[in-house]
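Build out the structure end to end from the sequences listed, making use of the hints.
Number of protein chains: 2
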Amino acid sequence: MDNFVFNSPTYFCFGKDTENEAGALVKKFGGSKVLIHYGGGSAVKSGLIDRVKASLDRENIPYILLGGVQPNPRSGLVYKGIELCRKEKVDFILAVGGGSAIDSSKAIAGGVPYDGDFWDHHSGKPVEKALPVGTVLTIAAAGSEGSGNTVITHENGMLKRGCRTEILRPKFSIMNPSLTCTLPAFQTACGITDILAHLYERYITDTKEVEVTDRVIEALMLTVVKEGRRVIADPYNYEARANIMWAGTLAHNNVCGVGRRQDWNSHALEHELSGLYDCAHGAGLAVVMPAMFTYIYEKDVMRFAQVAVRVWGCEMNFENPKETALEGIERLKNFLSSIGMPVTFSELGARQEDIPYLVDTLCDGNGRPGYIEGYLKLDKEDCTNIYKLML
Amino acid sequence: MDNFVFNSPTYFCFGKDTENEAGALVKKFGGSKVLIHYGGGSAVKSGLIDRVKASLDRENIPYILLGGVQPNPRSGLVYKGIELCRKEKVDFILAVGGGSAIDSSKAIAGGVPYDGDFWDHHSGKPVEKALPVGTVLTIAAAGSEGSGNTVITHENGMLKRGCRTEILRPKFSIMNPSLTCTLPAFQTACGITDILAHLYERYITDTKEVEVTDRVIEALMLTVVKEGRRVIADPYNYEARANIMWAGTLAHNNVCGVGRRQDWNSHALEHELSGLYDCAHGAGLAVVMPAMFTYIYEKDVMRFAQVAVRVWGCEMNFENPKETALEGIERLKNFLSSIGMPVTFSELGARQEDIPYLVDTLCDGNGRPGYIEGYLKLDKEDCTNIYKLML
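Read top to bottom, the protein sequences are chains E and V. Per the working numbering, the first sequence starts with residue 90, numbered consecutively. Per the working numbering, the second sequence starts with residue 90, numbered consecutively.
It is possible that part of the hints are untrue.
Pairs count within a copy or across copies, as identical chains cannot be separated in the list.
To be verified - Simulated crosslink set (DMTMM-like; lysine to aspartate or glutamate; CA at most 25 Å straight-line):
1. Lys105 x Glu255
2. Lys178 x Asp443
3. Lys477 x Glu298
4. Lys477 x Glu436
5. Lys315 x Glu404
6. Lys122 x Asp468
7. Lys466 x Glu442
Hints listed in this document are in silico derivations from the structure and should not be mistaken for laboratory results.
Rendered as structure tokens:
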């Protein structure tokens, strides 16, 4: 196991009706003027924004609103949010929504006290100061409610780039599984896929003898697969929603990723897809993961056989472990397909002729050195081959 | 799943040589004068205390020392520590050791700013203020490095009582698995048993459909059993020590206990044993657990069958699930015995004729209402029967 630091100070308030705690929690964490930052109309129509506003009113905490965050959140709204917060002297940002609203909030939070372009933070410059962020989560997916990560797409070139810093971990996250019951099936499935990806990206490692994190990752995968099936069949099942929601947080606050090298190549390969086609991140991952694992599994057949046996219920083929490994990847693909995810380029709306462009922006874009590096170093030829496996 | 709050802000610094970070971490968390609180001579002899002192010297942070914490830490040293901290104007307590040194440190931390007897905190009065505590962990067992709990034995009556409060969660915990390699086999096995107990106490629940926490608990149990065997056979195996150490923290910082009713009856039954006989807490738990589970398993046969299959590798007996449940308990008992733990009263040094006294102090002591309550309410007859199963 590698040396590590783990610090997840976010205060999680989980369960039914917890959105009514928003005001009290903003107060607890020192907010005196709030930007409520949210996405589309559903948070308004459902009455959620009203309940959050009422809870702030009860604490006499003033607020302003900024809606309109879209999936794959854009730089334009971040710039607008930064300006608004400065003008209105906002000192606390409350994200209401899924990963997009939270990521946009984090980018704003880092941008407000920064004397420069917030995009610097997405180009490698460390965030040194940030406004505190709280969240009211409405989608189990990104894990952003418990992580220090934010991913923004810059409208100039549609580059999708992440920023990772401990400073941006939310002070609190309110997680009411009921709020996720009304999500359309497609979005629910995208969330399940994103959670599985966060687990696979940590599972695929060359660090040896990391039994504890292997086992916890497998535990979360088993949960998400079982409860994922249940929730697609029965969207209003609170217990299934609750299990997925907590699994989604643990999948990405890094409690199961410590002390091991991780692999974020699936995410990198996907970011080019959702950057270019504006497809849902989860849908892109569903297409990327089986292809990438098929391309790389021979580097560590036993690891892929292990997940096949322990998570996907495959019987170990002791004479030919490769078959077990491949069967596990096939079962992953079938699972994703069964919950309504695309698993090919055409189902996603991606085009074969764009592969050279995708590979170039992936490997050369944003200062990259002509390849991406995670568990394996993947050069342009590798990336081309992986995208071709998605056809 | 029940509503819950989860907040584990402790900063974990894990890995080789991390004890050299002690000074920097005390500084980071605002300490300006430190009490180094530790147990017996091993931390001194091994040079660990010297390395900790050197790291404080490098940051120009003055310190005083108070050693002598014994297993089942006593009230006498807590009173002494409180007095010393007040006199020397200590503002940070650094525990160096295992659960005993940490629990003693927490009790001191809560006692220093409290205008009254610290024992009030162990008799149900909430802790309202406390000095910050940091830890340098040397035993994987109690999970106190990541929890807000402390258990102290009062010399007046040898009553062993816990106190649970978020305020006492350590600010940081330094966890170097190498420091645990020199532990005697018996102490290592006691630690493994304590970790397993923390997992079982959370696993035994009547909260329905808590798949995510069930699975994570099972993951940690599987880790501790596998790595426990390895470390007893090969004490200097760093990787096995590291896996057990992180599992021990996750077993008790409550990340796997949220949203479900828990059962702390095993711990309550054990505290009377280690209170009266001064046996090792882990050894007491090894005697208590199989007996208690045998007494209660029929209340939820399928739960005990589930852990038997998923953790202990039993084959499910679909015609007679009770047999599977009992086989799981038997395998737990055999495992504990195989790592050198006592599993009967006589092996522990306990005496049948003390059972009435144990039952009375357990059920009536410290303001209890004549029974203990966890997953099940256990009255004096139940407790007597359970103790008798340990004979």
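Consistency of the hints with the structure:
no., hint, result
1, Lys105 x Glu255, "between (28 Å within a copy, 22 Å between copies)"
2, Lys178 x Asp443, "neither (44 Å within a copy, 68 Å between copies)"
3, Lys477 x Glu298, "neither (33 Å within a copy, 41 Å between copies)"
4, Lys477 x Glu436, "within (14 Å within a copy, 65 Å between copies)"
5, Lys315 x Glu404, "both (18 Å within a copy, 21 Å between copies)"
6, Lys122 x Asp468, "neither (48 Å within a copy, 53 Å between copies)"
7, Lys466 x Glu442, "within (24 Å within a copy, 68 Å between copies)"
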